[in-house]
Amino acid sequence: MKVFVNGELREVKISTLAELITELDLPVARIAIELNREVVRRSDWDSTMLKDEDRIEIVHFVGGGKN
Amino acid sequence: MIIAGRQFSSRLIIGTGKYRSYEQMRSAHEASGAEMVTVAVRRVPLDRSSESFLDYLSPSLQILPNTAGCYTAEDAVRTARLAREALQTDLLKLEVIGDQTTLFPDNEQTLEAARILVKEGFVVLPYFNDDLIMAKKLLDAGCAAIMPLAAPIGSGLGVQNPANLRIMREQLPDATMIVDAGVGTASDAAIAMELGADGVLMNTAIAESEDPAKMATAMKLAIEAGRLAYEAGRMPKRLYASASSPLSGVIK
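First to last, the sequence lines map onto chains W and X.
Numbering of the first sequence is given in this note's numbering, commencing with residue 1 and proceeding in unit increments.
Numbering of the second sequence is given in this note's numbering, commencing with residue 1001 and proceeding in unit increments.
It is worth saying that the hints were derived from the structure and are not from the lab.
A few of these clues could be false.
Now the stretches of chain W that chain X is said to cover, found in silico as 3 or more residues with beta-carbon under 8 Å [to be verified]: (1) 1–13; (2) 18–30.
Reference excerpt, derived from the structure (chain W facing chain X, CB under 7 Å, subset only) [unchecked claim]: (3) V39; (4) S43; (5) I58; (6) V59; (7) F61; (8) V62; (9) G63; (10) G64.
Computed from a predicted structure; not experimentally measured.
We put the beta carbon where it would ideally sit given N, CA and C, even for glycine.
All chains, full assembly: derive it from the sequences and hints.
The structure is reproduced here in structure tokens:
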């Protein structure tokens, strides 16, 4: 299956959002995820199934005051 | 300073960008006495492990996520929702930029985003041009405060239109008004406060100074001084002198 993660097309061998985070080896604290422009709550990561061409945005926080 | 019923004893809100190191940022935060700091939302890098930036913020600080970098209401709303999900806070500094060179806000998009976000329960603190009519519209939309700019973001020019701030203060006496962007040095912050601002939000003036911790202290004191002067009520300006000593009894 191929999905877009933060704009990059990636071949993945997983089926849920939670598995994607594990595969990407991301720190899970204080990140948030959007699937096809809708936020997926943390409690739903396990049950959220991915499909081909899904668009996933994974964000965290960075230093910034203005723009 | 009260924001949506929450009391803050410091009237200074500061940013977290442009510091030379996290340690330097932390010492500036401590020196400033600020209780709230603003952070930006960005994509997680997938090709390298990233340090958790938030670990460098004191746990006692209220984190104010912002929508910096957004150019449309839609992107700002999406960013706000992500921030709330990650941080479990309703507070949001709404910023919708209209132009890359000036970083001036797009007031129309800002208002549109504010209306959506207020309905979704966000405590919206919008950055906007220093314009009374826009301020009224933002407050009517349910924003918790108004955050007019003093000058372009990162310019350090100081308050460019003091009359507009004063008019907003006089016409909207009950609104929480936080001057956001454009402060360059301590006197700029003091002027904003003397004009009646409830607080000042700044980043570059501290982060790009040669000694950020020292500048943070200067800003803290300037904001306190400016507020006291505003509360004390300044003397009227006159064109001609007015002697301080009695005119009678001078030796001849």
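Going through the earlier hints one by one, which of them does the structure break, listed in rising order? 4
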